[in-house]
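J.: Protein sequence lines, in the order shown, are assigned to chains A and B. For the first sequence, this note's numbering gives the first residue as 1, with consecutive numbering after it. For the second sequence, this note's numbering gives the first residue as 1, with consecutive numbering after it.
Just to be clear, a hint being listed does not mean it is correct.
As the list claims (entries may be wrong) - To spell it out: a stretch of chain B is covered by chain A in this simulated footprint if at least three of its residues, at any positions, have a beta carbon under 8 Å from a beta carbon of chain A; those stretches are:
#1 44 to 58
#2 110 to 122
#3 217 to 225
Claimed, not checked - The following residues of chain B were derived to be distant from chain A, with all beta-carbon distances above 10 Å:
#4 V29
#5 L36
#6 L107
#7 I125
#8 L139
#9 I167
#10 A182
#11 W197
#12 A200
#13 S207
#14 Y292
#15 D295
No lab work stands behind these hints, which were simulated from the structure alone. Just so you know, these numbers come straight off a predicted model, no measurement behind them. For each residue, glycine too, the CB sits at the ideal point set by N, CA and C.
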Amino acid sequence: MTEPVLELRNVNKSFGPIDVLHDINLTINAGEVLCLLGDNGAGKSTLIRTLAGVHKPTTGQMFMDGEAVSFDKPKDAADRGIATVHQFGGTFPLMTIGRSFFVGCEPTRKIGPFKVFDRKTANETAVKAVQEFGITRIDDGDRLIGGLSGGERQSLAIARAVHFGARVLILDEPTAALGVKQASHVLRIVLEARKRGIAVIFITHQVTHAMAVGDHFAVLIRGAVAANFMRGEKSREEITDLMAGGEALADLDTAMEDYKDSHDGHPPQPASRATVA
Amino acid sequence: MYEVFAGTLLKRPEAGAVLSLVAVILFFVIFGGVDLANLLGAASWVNFAANLGIVAIPVGLLMIAGELDISIGAMIPAGSMTISIVSGYYELPIVVGILCTLGLGVLVGLINGLLTVRTSVPSLIITLATLVAMQGLVLSASVLLTGKASVPLAAPEWTKAIFGQLIGGSFQIIIFWWLAVAVLAWVVVHHTRYGNWLFAMGGDKESARNAGIPTTKMTIWLFVLSATAATFVGMCGAILFNSAQVSGGMNYIFNAIVSVVVGGVLLTGGFGSIIGIFFGTLTFAVVNQGIYFTDIDRNWSSLIIGVMLLLAVLMNNSFRSMALNYAPRKKSTSKA
């Protein structure tokens with residue numbers, strides 16, 4: 001079998017005294033959708049920021065195509081083909097589709113000694129890229145991003161990442177703020193990206209959406225991978241239970257804190273010691 | 001016809017400014033009894049617009065990028081005092097004076113820019129501090145060095161020809177500088193990648209940085225540009241009027257911001273155009289100076305400016321939402 005596109009080995013991340021990620025081991029292959037499930041605060045954001053080069057792992061290693069990599073800044077990760085699309089997709093609502101598509105790498109044409117922004121090429125390329133993903137409603141590159149629907153923005157952002165050669169696509173809750181129909185558009189685009197051989201990391205807490213596109217699932221609970229399984233290995237109910245298990249654990253934790261608060265900071269004693277005393 | 005009009009002008013940032021200019025001129029003609037030929041041929045408002053415009057353009061660029069520079073209010077007298085003290089009081093060659101003046105602009109711009117990118121303090125506060133500090137510095141330096149708050153300057157003929165002559169007896173040469181700056185800014189902002197970076201920075205600085213745009217460098221350069229433009233305007237004034245005063249310049253702060261906002265630039269950044277800033281400046285100048293050509297009492301001009309500002313901003317707001325909601329209807333238009 002070929003090397004996985006991206007692999008994490010024993011990745012830990014701490015912010016000062018707070019440990020956020022614990023021994024994360026994950027692999028993701030080309031043309032595969034990895035669904036990262038987890039409740040709020042489970043460490044999903046920290047994990048994707050680490051992948052995207054915003055944070056550096058405290059310990060542990062990341063490999064791309066079997067080669068150890070280390071990112072100092074988001075640009076390094078982007079240069080290796082790791083692209084992140086955030087919840088609201090296009091982040092420049094008052095820019096046109098063509099202009100925002102090429103932010104930071106504008107196409108230019110020469111007029112004499114001057115390099116001039118090539119609006120026509122920019123608009124055409126952007127519209128073509130997003131239409132190839134099946135969003136045919138976008139046909140004018142001069143429209144403003146803010147005028148697109150949430151699903152269209154997501155689709156545009158994904159098309160943009162793919163156009164610029166993304167090999168690993170990180171989608172941070174792309175369907176969270178969308179209606180049912182819009183969300184299904186985005187899911188279709190995720191499948192289209194997978195078909196093109198892109199490794200997709202799909203972050204969500206909607207099990208239905210994950211089940212619809214995922215090949216491989218990882219459930220994150222309190223900064224650790226609590227379960228790692230392939231499609232068909234677990235039912236929808238089991239996955240939901242797993243995520244809820246995280247919640248139950250959190251409840252237990254609160255109960256513990258409450259106990260400590262009412263007993264001068266002492267945790268509840270195990271029964272055996274209590275009998276000895 | 002309406003479709004074409006609505007499709008091309010109304011969803012552009014400059015729509016409000018162009019309509020405001022037309023409205024103000026109409027208002028003056030109808031209610032002020034203005035002779036239009038007289039008004040359009042007058043130098044006073046064009047001179048006013050040119051001096052203001054050279055500052056308003058870089059201030060507008062900063063606002064598009066999501067920053068603000070109000071230290072221009074002190075940098076204009078600082079510019080005129082520098083050249084007058086260096087080349088007037090100390091009688092050094094005028095070239096040295098010009099270099100010192102523009103150098104001071106670059107220096108203060110660098111300070112503004114570096115402080116803005118290195119700290120998380122809003123640029124409004126930082127430039128407010130440099131505004132006040134520069135006022136104090138200029139006044140004390142002037143009194144300390146020359147003993148006066150007003151210094152004469154006798155510039156040689158060639159410098160007067162370039163920076164401070166009156167064409168046809170009343171039009172200041174700085175009008176051409178303004179046009180040149182406006183055209184240059186228009187090309188750079190709307191037809192090069194730097195313009196795209198500017199709008200991206202104003203839209204979302206974090207994403208712009210992640211997209212590989214050198215936001216820090218851009219911000220510093222924009223501050224250098226605005227401070228230098230302000231000293232340039234001060235310098236041209238000193239060369240034209242053969243003297244410089246410590247006071248003055250404070251009006252420019254609000255005048256420039258009003259021009260830029262009337263011109264359709266969004267105060268929070270990310271939206272605007274050079275043509276809009278240009279027309280915003282013209283509109284402001286027509287109200288401010290054109291009122292002398294009307295039967296309306298001069299004292300009303302501030303009221304008119306206030307009302308106009310409000311109307312222009314409201315217009316700009318609705319045009320912006322029109323632009324946002326605009327969906328292509330080209331096919332139906334071409335058939336109709």
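J.: Hints first: check each against the structure and report whether it holds.
T.: Here's how the hints hold up against the structure:
Counting residues of the region 44 to 58 of chain B whose beta-carbon sits less than 8 Å from any beta-carbon of chain A gives 0, not enough to reach three: the coverage restraint is violated. Proximity of the region 110 to 122 of chain B to chain A, defined as three or more residues with a beta carbon under 8 Å from a beta carbon of that chain, is not established by the 0 residues found. For a cut-off of 8 Å, the count of residues in the region 217 to 225 of chain B with a CB near a CB of chain A stands at 0, and the three-residue condition is violated. Interface exclusion of V29/B from chain A stands, the closest Cβ pair being 35 Å apart, more than 10 Å.
Residue placement check: L36/B keeps its beta carbon more than 10 Å from all beta carbons of chain A (closest about 36 Å). With 10 Å as the threshold on Cβ separation, the claim that L107/B sits away from chain A holds: the shortest Cβ distance comes to roughly 30 Å. Every C-beta of chain A lies more than 10 Å from that of I125/B, the closest at about 25 Å, which supports listing it as non-interface. In this structure L139/B is separated from chain A by more than 10 Å, as the shortest Cβ-Cβ distance comes to about 41 Å.
For I167/B, the requirement that its beta carbon stay farther than 10 Å from each beta carbon of chain A is met, with the minimum near 30 Å. Non-interface call for A182/B relative to chain A: holds, since the shortest CB-CB distance, roughly 17 Å, exceeds 10 Å. Not every Cβ of chain A is farther than 10 Å from the Cβ of W197/B; the closest lies at roughly 8 Å, contradicting the non-interface assignment. A Cβ of chain A approaches the Cβ of A200/B within 10 Å, the least distance being about 5 Å, so the stated non-interface status is violated.
S207/B, annotated as away from the interface, has a beta carbon of chain A within 10 Å; the closest lies near 4 Å. Every beta carbon of chain A lies more than 10 Å from that of Y292/B, the smallest distance being close to 38 Å; the non-interface claim holds. For D295/B, the condition that its CB be more than 10 Å from all CB atoms of chain A holds, with the nearest at approximately 42 Å.
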